[in-house]
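Going down the list, the sequences are from chains A and B. Numbering of the first sequence is given in full-length UniProt numbering, commencing with residue 1 and proceeding in unit increments. Numbering of the second sequence is given in full-length UniProt numbering, commencing with residue 1 and proceeding in unit increments.
In short, the hints are calculated from the structure, not lab data. Careful, some of the hints might be misleading.
Chain copies aren't distinguished; within one or between two, either way the pair holds.
Below are the DMTMM-like pairs computed for lysine to aspartate or glutamate, each with C-alpha atoms no more than 25 Å apart in a straight line [said to hold, decoys possible]:
no.	residue 1	residue 2
1	Lys-235	Asp-72
2	Lys-235	Asp-290
3	Lys-269	Asp-198
4	Lys-235	Glu-328
5	Lys-79	Glu-375
6	Lys-331	Asp-230
7	Lys-79	Glu-68
8	Lys-331	Asp-229
Remember, predicted model here, so these are calculated numbers, not experimental data.
One letter stands for each residue in the lines below.
Protein chains: 2
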Amino acid sequence: MTLIAQPQSMHFAEPLALRSGARLADYHLAYETYGTLNAERSNAVLVCHALNASHHVAGVYEGQERSEGWWDNMIGPGKPVDTDRFFVIGVNNLGSCFGSTGPMHTNPATGRPWGADFPVVTVEDWVDAQARLVSALGVDTLAAVMGGSLGGMQALSWTLQYPRRVRHAAVIASAPNLNAENIAFNEVARRAIVTDPDFHGGHFYGHGVLPRRGLRIARMIGHITYLSDDVMNAKFGRELRSAVGSDYRYSTQEVEFQIESYLRHQGDKFSEYFDANTYLLITRALDYFDPARLTGGNLTRALAAAAARFLIVSFSTDWRFSPARSREIVKALLENRREVSYAEIDAPHGHDAFLLDDPRYLSLVRAWFDRIASEPAA
Amino acid sequence: MTLIAQPQSMHFAEPLALRSGARLADYHLAYETYGTLNAERSNAVLVCHALNASHHVAGVYEGQERSEGWWDNMIGPGKPVDTDRFFVIGVNNLGSCFGSTGPMHTNPATGRPWGADFPVVTVEDWVDAQARLVSALGVDTLAAVMGGSLGGMQALSWTLQYPRRVRHAAVIASAPNLNAENIAFNEVARRAIVTDPDFHGGHFYGHGVLPRRGLRIARMIGHITYLSDDVMNAKFGRELRSAVGSDYRYSTQEVEFQIESYLRHQGDKFSEYFDANTYLLITRALDYFDPARLTGGNLTRALAAAAARFLIVSFSTDWRFSPARSREIVKALLENRREVSYAEIDAPHGHDAFLLDDPRYLSLVRAWFDRIASEPAA
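If we strip away everything but chain A, and leave its shape as in the complex, we get (with noise of 0.2 Å):
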C-alpha cells in the first residue's frame, strides 16, 4: 500500500529566543505526519534530519510517483518504523530551504530575503522549535526521537533538553560533536561558496544569480566523504569513462574517469535545488553541535541529564562519523547507568550507509521498535 504524504505547514507567532542571542519573532515549520496518534497519545515518533534533507520522510506526493520521501525505506505501512502503529512526524528545520522559515524568506526587519543574515540556528535551537511543533500536534511525551548524522545530534540532545518528554533515542551514524577534520572539510566547502563571485555575501537573491560554482564544489566534496573508499573503488575504481576503449584522452578539464563524471553530476544537481546560505547554516550547526562543551569536555557529565532508552548505530567504514565516535556516546551512557543497545554494522558504504538497504540494520531497527510498541506507555 503506497503511503501518500501531505506536505504542511505551522505559523509559531512566539519569539524564539536563539543560542546566538538572536531571537526570530515568528516563524513557520514545514512538516509531514504518517499514521495516526493514539487516544493515549503515546505512539509518536519524531524523525530529524541531517544536511539536506526535508520534512518529506516517508511516501509519496499524491501523482507523483517518484518522490519517495528520504527515509522511505525505513519509515511506512509495515516498515521498520511501522506507521500502522506510530504516528510518525518529519519536520523541515529552521534555516533550511524545503518550507521552514529560512534564508530565502523575508526578513521582517528589512523587507528583503535575509541572505546572509539569518540568524546562525544550532542544533539545541532547531530542538527547541521542533519541541513546540510537538506540542502543537497535541503530543507531551514522544515514543521515540530518531535521526542519522545530523539528524542523530538532534535526538541525543532532545534526551538533553527535554529528557521528560522522550522515552526512546535512536542515534545512528553520529558523534558527540565534530572533530577537526569534520570541520575542516566544512570549512572547505564553506569558502567555496562564500568566495564565489555569485554569492554576493548571501544577498545573491537581489542580484538574480546562485553562486552555483561553490554549491557545486561543496557537495562535491561532501560527496567524497559520504562515501568510503573501498564502495568508491568498487563502484567506480579507475574506470574511464571514454567508450573508446583504456586510451586516456589526456585532458586535463574533460572528464576522464568514471568517479569524475558521477561527482560533477551530483555537484551540478545539488546546485539546482540547494540554497547556498543554507549550506553555511546547516554546517555550521554540524560543527557548533557539543554538549561536553558546557562540561569541560567531559561527555558523560554532559549526558547525565539524559533520561531515555538509547538504541546507537555506527557502520564500520563512515570515516566521516566512524563507530568510535558512537561509542563514546555508548561509553557515557553507560557511566550515567542508562538503556542502551548499540550496533556497530559491518556495510561497505561508509556515512551513506544509514540511508540504505542494509538488512541487519533494518531488521535490528525494526526490532527495537517493536519493542517499543510493546511496552506499556509509561
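Let chain A serve as the given structure and place chain B on it in line with the hints.
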C-alpha cells in the same frame, strides 16, 4: 656546515615526444646538484619531487638563511642521504612553475604563454626528461632514484623505463596508482580552479588576474588529505580561535575554530606562489600514473621489467597513500623475485610524515644509503 645550493638550468634542444602524442620542440629543466660526482660516476642519486615542490631539495641559497630545500632534513652533508658521499640531483619537472618549462612560459606556436594549452605531461614523460638531464650531467647509471608520494611514482617508473640505468629505488609514501577517492579529491580541486571566473579558460596571464579563489580551495582540500585525523585532533581539535574563552561567535563566515584559521592561511599562502595550470597538470599526472594499465591490471607483470633493489616505505596514518598501497608494490616486486626492503613506519602525521623528522624513518633511510655507499659499483 651549511650546504649552499645553486639553482641551475639546462636547455634541451632535441624534441620530447610525450605520452599524449604531443611533443615539446625543446625545453629547459631547472635543477640543483649537491656533492661531487666520483671518478667512476657511480654515486649519483636523483631526487624526484611531488606536487608542490621543486629542484630545490637541500641546502639554502647564499645569504638566504631560511631558504632550506624541501627535503633538507634528509639530504646534505652527514644526513641520511649524505652529500659527502653521494652526488645528489634535484630536478624540477616539466609543467611546473618553479623554473622548468611550463604553462607560464612562451608557447612558440603563439608567442604567448602556454597557459592551459601546455601539453599534458605524465610521470613517464617526466622520467624521460629527467633521464636526459642525468645523461647530460655525465651519469649513465644512477646509484639511486628516490621520491615520496608523486616523487615515489617517478622513482618506480624509472625502474621500469630505464631498468639498466638505476641500481636502487626508494619509493616512499607512494602507490602503484591513485584510487577513486584520490582521483575524486584531485577532481574537486581542479574544478575549484577551472570554475574560478579568474581562470579564463587557463589563459589568465593575459588578463592581469590569478584564479586565487580556486587555488585556495584546492590547497585546503589537499592539506586536509595530507594530515591524519589524529594529528589534526591533536594539533587543533575543536579549539576556538577567539581569545575570549569558550564562547562561540555564532558566525557562518568568520573564523571560529583554529583549524579554519590554519587552513585559510595555508590556502592564502599557496595561492600567492603556485600556478593554477601547473596544479591541473600535476594532479593529472598523478591520476594517470598506472603502470599496470598495460598489463590488464596485473601489477606483478607490470613490474617485471624492474631490475633495481628497492626500499619501500609507508606511514601508518597516511590515508592518502596508505600502507596497503605500498604493500601492493612490495608484493608485486617479491613475486618478480626482486630485492625489497619494506618499512611501515608507525607515525601520527599522515601523508606529510615523509617530509618530517621521524628518527626511525630517517635512520632507516640512512642505513639503506650506507649500504649503497659500501657496495662496489656494478
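Outcome of the hint check:
1. Lys-235 with Asp-72: within (24 Å within a copy, 41 Å between copies)
2. Lys-235 with Asp-290: Answer is between; shortest inter-copy Cα gap is 18 Å, intra-copy 35 Å.
3. Lys-269 with Asp-198: Result: close both inside a copy and across copies, 18 Å intra and 24 Å inter.
4. Lys-235 with Glu-328: Between copies, since 20 Å is at most 25 Å while 31 Å is not.
5. Lys-79 with Glu-375: within (19 Å within a copy, 71 Å between copies)
6. Lys-331 with Asp-230: For Lys-331 and Asp-230, the Cα distance is within 25 Å only across copies (20 Å; inside one copy 28 Å).
7. Lys-79 with Glu-68: within (14 Å within a copy, 64 Å between copies)
8. Lys-331 with Asp-229: Classified as between: cross-chain Cα gap 21 Å, same-chain 28 Å, threshold 25 Å.
Of the hints listed earlier, there is not a single one the structure fails to meet.
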